[in-house]
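Take the sequences, apply the hints, and build the full model.
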Amino acid sequence: MDIYRFSVCNEQGHLFEIFWVIPYDTEELVKTFMNGDIAEGMDDIYNHYQWAGEAYLFEEFLHSNPDAFIPKTKEYDKEALYWMGYIYRFWHLYTGENSKEIYKQAPFRTMCDHYYIFHTMAPQLAIDNLKEIYQYALKKESHKNG
Numbered sequence: 002m003d004i005y006r007f008s009v010c011n012e013q014g015h016l017f018e019i020f021w022v023i024p025y026d027t028e029e030l031v032k033t034f035m036n037g038d039i040a041e042g043m044d045d046i047y048n049h050y051q052w053a054g055e056a057y058l059f060e061e062f063l064h065s066n067p068d069a070f071i072p073k074t075k076e077y078d079k080e081a082l083y084w085m086g087y088i089y090r091f092w093h094l095y096t097g098e099n100s101k102e103i104y105k106q107a108p109f110r111t112m113c114d115h116y117y118i119f120h121t122m123a124p125q126l127a128i129d130n131l132k133e134i135y136q137y138a139l140k141k142e143s144h145k146n147g
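Each residue of the sequence shown is one higher than the last, beginning at 2 in the numbering used here.
Some clues are possibly wrong.
Distance windows between CB atoms, simulated [said to hold, decoys possible]: (1) A56 <-> A138: 33 to 41 Å; (2) P72 <-> E142: 14 to 22 Å; (3) E76 <-> M122: 22 to 30 Å.
Cross-link-like lysine-lysine pairs, in silico, BS3-like; alpha carbons within 30 Å at most [what the hints assert, rightly or not]: (4) K105 <-> K73; (5) K132 <-> K101; (6) K79 <-> K32; (7) K101 <-> K145; (8) K140 <-> K73; (9) K79 <-> K101; (10) K105 <-> K132; (11) K79 <-> K145; (12) K75 <-> K32; (13) K101 <-> K141; (14) K101 <-> K73; (15) K141 <-> K105; (16) K79 <-> K105; (17) K75 <-> K105; (18) K101 <-> K75; (19) K79 <-> K132; (20) K32 <-> K141; (21) K132 <-> K32; (22) K73 <-> K145; (23) K132 <-> K145; (24) K105 <-> K140; (25) K145 <-> K32; (26) K105 <-> K145; (27) K32 <-> K101; (28) K132 <-> K73; (29) K101 <-> K140; (30) K132 <-> K75.
What the hints contain is simulated information worked out from the structure, not anything from laboratory work.
No experiment lies behind these values; they were computed from the predicted model shown.
All C-beta atoms, glycine included, are put in the ideal place defined by N, C-alpha and C.
Rendered as structure tokens:
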């Protein structure tokens with residue numbers, strides 16, 4: 002991965018760290034972000050969000066998603082949130098899938114549940130494993146309903 006792509010992943014990781022600092026529900030913020038316009042913009046080949054910096058992204062997110070800012074009820078690990086933001090952005094660069102598709106496969110709880118196992122893996126391997134977990138869950142659900 003080149004330095005530009007690394008910096009975009011790092012930027013999103015730092016944005017998710019901001020979600021840890023503020024007194025609002027982290028899960029809701031991540032879900033809203035990954036399904037929103039800013040993440041969609043970051044999925045583009047070239048978009049100003051990719052180099053704007055995490056403080057700017059947070060301000061944009063704050064102004065465009067006021068309903069996402071509900072009181073925090075649970076604390077999460079700051080490093081896990083950085084990893085989550087980094088991996089979500091890396092995932093897009095690795096597979097070309099958009100943020101909404103990525104979040105559908107690995108929502109907040111899945112990422113939290115697997116952080117301690119996957120955070121020491123190469124990002125590609127962690128993503129491949131997360132995709133396998135999603136596929137397994139789909140098969141299990143189809144057998145249950147079938």
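Here is how each hint holds up against the structure:
1. A56 <-> A138: 33 to 41 Å: 36 Å, holds
2. P72 <-> E142: 14 to 22 Å: Since P72 and E142 have Cβ atoms about 32 Å apart, the given range 14 to 22 Å is violated.
3. E76 <-> M122: 22 to 30 Å: With Cβ atoms ~25 Å apart, the hint holds.
4. K105 <-> K73: Holds. K105 to K73 sits at ~23 Å (cutoff 30 Å).
5. K132 <-> K101: 14 Å, holds
6. K79 <-> K32: 16 Å, holds
7. K101 <-> K145: With Cα atoms ~25 Å apart, K101 and K145 stay inside 30 Å; holds.
8. K140 <-> K73: 34 Å, violated
9. K79 <-> K101: This hinted pair holds, its Cα atoms lying about 23 Å apart.
10. K105 <-> K132: 10 Å, holds
11. K79 <-> K145: 36 Å, violated
12. K75 <-> K32: 15 Å, holds
13. K101 <-> K141: 22 Å, holds
14. K101 <-> K73: Distance ~23 Å between K101 and K73 Cα, so the pair holds.
15. K141 <-> K105: Holds: K141 and K105 sit about 16 Å apart, inside 30 Å.
16. K79 <-> K105: Cα-Cα ~22 Å, so holds.
17. K75 <-> K105: Answer holds: K75 to K105 is near 22 Å, not above 30 Å.
18. K101 <-> K75: 24 Å, holds
19. K79 <-> K132: OK: K79 and K132 at ~24 Å, within 30 Å.
20. K32 <-> K141: Holds: K32 and K141 sit about 24 Å apart, inside 30 Å.
21. K132 <-> K32: 18 Å, holds
22. K73 <-> K145: At roughly 35 Å apart (the allowed maximum being 30 Å), K145 and K73 break the hint.
23. K132 <-> K145: 20 Å, holds
24. K105 <-> K140: 15 Å, holds
25. K145 <-> K32: 27 Å, holds
26. K105 <-> K145: 20 Å, holds
27. K32 <-> K101: Distance of about 9 Å is within 30 Å: holds.
28. K132 <-> K73: Between K132 and K73 the Cα gap is close to 29 Å, so the pair holds against 30 Å.
29. K101 <-> K140: Cα-Cα ~21 Å, so holds.
30. K132 <-> K75: Satisfied, since the Cα-Cα distance of roughly 26 Å is no more than 30 Å.
Going through the hint list in order, the structure does not satisfy hints 2, 8, 11 and 22.
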